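*Asks:* For chain E, the structure is supplied; the task is to place chain D on it using the hints.
Sequence order for the protein chains is E and D.
At position 145 of the first sequence the residue is numbered 144 (numbering that gives the first Met the number 0), and the sequence of numbers has no breaks.
At position 41 of the second sequence the residue is numbered 40 (numbering that gives the first Met the number 0), and the sequence of numbers has no breaks.
Hint data in this document are derived by calculation from the structure and do not stem from the laboratory.
Note that the structure is a prediction, hence the values are computed from the model and not measured.
Watch out, some of these pointers could steer you wrong.
Said to hold, decoys possible - Here are the simulated lysine-lysine pairs, DSS-like style, with alpha carbons at most 25 Å apart: (1) D:K13 <-> E:K58; (2) E:K140 <-> D:K13; (3) D:K26 <-> E:K109; (4) D:K16 <-> E:K9; (5) E:K6 <-> D:K141; (6) E:K42 <-> D:K141; (7) D:K13 <-> E:K136; (8) E:K58 <-> D:K16; (9) D:K27 <-> E:K42; (10) E:K53 <-> D:K26; (11) D:K3 <-> E:K136; (12) E:K9 <-> D:K26; (13) D:K27 <-> E:K58; (14) D:K3 <-> E:K109; (15) D:K3 <-> D:K27; (16) E:K6 <-> D:K108; (17) D:K13 <-> E:K109; (18) D:K108 <-> D:K194; (19) D:K194 <-> E:K58; (20) D:K27 <-> E:K9; (21) D:K13 <-> E:K9; (22) D:K82 <-> E:K6; (23) E:K42 <-> D:K16.
Stated by the list, open to error - Which stretches of chain D does chain E cover? Using the computed rule of at least three CB atoms under 8 Å from a CB of chain E, they are: (24) 5-13; (25) 20-31.
All residues carry an ideal CB built from backbone N, CA and C; glycine is no exception.
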Amino acid sequence: MNNPEQKFSKIYDQHIEKIYRFVFLKVSSKEIAEDISSRVFMKGWEVFRNGADKIENPKAFLYQIARNMVIDHYREKGKTKIVSADFCSQIADPKTNIQEKAIINADLEKVKIALTGLSDDYQNVVIWHYLDDLSIKEVSKLLDRSEDATRVLLHRALNSLREHLTS
Amino acid sequence: MQEKEIISKLHELKQIKPSTNWVVSLKKQLIGEQPKISVFDVLSGMIFQRKLAYATISLVIMVVGVFGFAQYTVPGDLLFPMKKITEQSQSALLSLSDQSNYNLDIVNKRLGELAIIIKENKTNNIAPAVQEVKDGIAQAVKDISNSTNDFTNIATRVQKIQQTKREVETLGVIMLQESNNLNDALASLVENEIKVLSQLSDSETLTLEQEIRLVEVKAHYKKGEYMAALEKILLINGQ
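Excised from the complex, chain E in its bound form (with noise of 0.2 Å):
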């Protein structure tokens, strides 16, 4: 397997699920996450099409592309990033949601809710380690913090989770 497409195949299949399901998480939207993660994963394409060798962490690099795509999402469209549980849930694509509830009963779909309230760093810090098995290493490296920083914003992430759900 030394040819670029052969490559990136394999990375594609290993990450096309945790990054839409991370922006997904974002942006509560099927076809918003369907954008941004395609526009991730194009990104991701060209550069290691231009130079597969200076990528030394596809997961970390395709992790960073897709964080700044939410961040540059949300602020073109002058959108709040934080959004109360019932407005989030009249947001929320139609046809996702009735996909999702089919699957997801009802503390789930608020923990879900609640997730999408947190802050940025905690939303990832918890994705990272909880959705997608991230190591406290792994989680340290992509929010360039000490595993010692990690593991205490890791702990307050939970518990604004909780203070999420119990308001």
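*Replies:* Relative to chain E, chain D alone:
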């Protein structure tokens, strides 16, 4: 909701997945059609892994060796089935007409092996070898009846079978039933050839010697001695 419960619910959020169609179409859009991985790519990838390469080479040598050695076996030997597998594989690659020729050649080969077995007094191999010849002749009978090959192709091979069969008979193994079946299978073949030769005779194309042999051919045909008729026809045809 307790922390454990929250974490458990977070894990459940892994259910959020993109649609398969979107995933596939985006991939196509990005890097074109999926590269088709050929059997060669997979095999070469495996082969170039060092340990596997040694194992593969050893296996290939072993298989080639076993199959190669099997070519020198005779019916009743342990590796003879491998020889048959090789023959059947070769036969499968041929056209239908070539297959019937090949099968006739195999019958002759089996008769030759039977002769060697008897000469070398391999008593344990005689019964399986005789059975192989019987099976081979039965197949040859079918092939001759259904064959669309020209007379010469079949006749020369049948003649060789007849010659080797005579050698085997002198060694004491006579397969009367099979001989009769093979003889009878030649009836229509000989009949057609007699018609052709008769037309040539009518047009005075045949030499005197050929005319005499044609008379003998017809006599053999009337007596049902198709094998003998076939051999005389080959002489007329200058084979």
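*Asks:* Evaluate each hint against the coordinates.
*Replies:* Against the structure, the hints come out as follows:
no.	hint	verdict
1	D:K13 <-> E:K58	holds, 17 Å
2	E:K140 <-> D:K13	holds, 22 Å
3	D:K26 <-> E:K109	violated, 33 Å
4	D:K16 <-> E:K9	holds, 18 Å
5	E:K6 <-> D:K141	violated, 57 Å
6	E:K42 <-> D:K141	violated, 69 Å
7	D:K13 <-> E:K136	holds, 21 Å
8	E:K58 <-> D:K16	holds, 18 Å
9	D:K27 <-> E:K42	holds, 15 Å
10	E:K53 <-> D:K26	holds, 22 Å
11	D:K3 <-> E:K136	holds, 22 Å
12	E:K9 <-> D:K26	holds, 11 Å
13	D:K27 <-> E:K58	holds, 20 Å
14	D:K3 <-> E:K109	holds, 15 Å
15	D:K3 <-> D:K27	violated, 41 Å
16	E:K6 <-> D:K108	violated, 55 Å
17	D:K13 <-> E:K109	holds, 15 Å
18	D:K108 <-> D:K194	violated, 32 Å
19	D:K194 <-> E:K58	violated, 84 Å
20	D:K27 <-> E:K9	holds, 13 Å
21	D:K13 <-> E:K9	holds, 20 Å
22	D:K82 <-> E:K6	violated, 45 Å
23	E:K42 <-> D:K16	holds, 21 Å
24	5-13	holds (count 8)
25	20-31	holds (count 8)
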